[in-house]
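**Q** For chain A, the structure is supplied; the task is to place chain B on it using the hints.
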Amino acid sequence: AQSVTQLDSQVPVFEEAPVELRCNYSSSVSVYLFWYVQYPNQGLQLLLKYLSGSTLVESINGFEAEFNKSQTSFHLRKPSVHISDTAEYFCAVSPGGYQKVTFGTGTKLQVIP
Amino acid sequence: SAVISQKPSRDICQRGTSLTIQCQVDSQVTMMFWYRQQPGQSLTLIATANQGSEATYESGFVIDKFPISRPNLTFSTLTVSNMSPEDSSIYLCSVDLGRDPRFRREGGPYNEQFFGPGTRLTVL
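Protein chains in written order, with my numbering: chain A, 1 to 113; chain B, 1 to 124.
Bound conformation, chain A alone (with noise of 0.2 angstroms):
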């Protein structure tokens, strides 16, 4: 079985400031990774996903995570937030096949202009 940790459940941070949102996940094989966005009153999208390769990874819309295996994490960053990114983000965890999804407690993100 595997689970996802999102340590921080809120995070305000102020227009055009970095982030992180954390996510730390376990599993006892390997795994695939996930960010989603839920904005206010939508169903979730998906981020950005780590399926193999290159360990860090990038959305469309200025997000990068990068896998670390020996921290068994999948932090989320951006350099430059903008109001539009307020948000709910949640980090998924699967071992892949017909293995079912884990998604971590979510970590709201507000920016404050």
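Quick caveat, the hints were computed from the structure, so don't treat them as lab data.
One or more hints might be untrue.
Pairwise CB distance ranges (calculated) [stated by the list, open to error]:
#: 1; chain 1: A; residue 1: N41; chain 2: B; residue 2: D26; range: 19 to 29 angstroms
#: 2; chain 1: B; residue 1: F75; chain 2: A; residue 2: E20; range: 34 to 44 angstroms
#: 3; chain 1: A; residue 1: T72; chain 2: B; residue 2: L124; range: 38 to 48 angstroms
#: 4; chain 1: A; residue 1: P79; chain 2: B; residue 2: T20; range: 37 to 47 angstroms
Glycine included, each C-beta is placed from N, C-alpha and C at the ideal position.
**A** Here is chain B on its own, set in the frame of chain A:
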């Protein structure tokens, strides 16, 4: 990717009644999933719905409370039966294109889930 719609988007219901939520996908998919997102919490998988077979329920969820239909490859319904205030949640359907033989890429399946917009249910 897949475009997923859900009906209704929100509803307010009385205790003891039932609500059926519909999920429509713009592609034929093998596996569909139903999740519950309770206030302030993460997503919890209720069940997996495959076309042509009975839904598979996760621990803590039973068919009598959450009956699911999967009549074809693009549609599913979840019914929340005999509702109580504890059932107030967002209910989300999703598809996993990474595990679908129609979309699977080399080296997969990859568990790439796409979610509907959710149904926000309030039970009074």
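**Q** Evaluate each hint against the coordinates.
**A** Right, here's what the structure says about each hint:
no. : hint                               : verdict
1   : A:N41 / B:D26: 19 to 29 angstroms  : holds (21 angstroms)
2   : B:F75 / A:E20: 34 to 44 angstroms  : holds (40 angstroms)
3   : A:T72 / B:L124: 38 to 48 angstroms : holds (43 angstroms)
4   : A:P79 / B:T20: 37 to 47 angstroms  : holds (45 angstroms)
Checked against the numbered hints listed earlier, the structure breaks none of them; every hint is satisfied.
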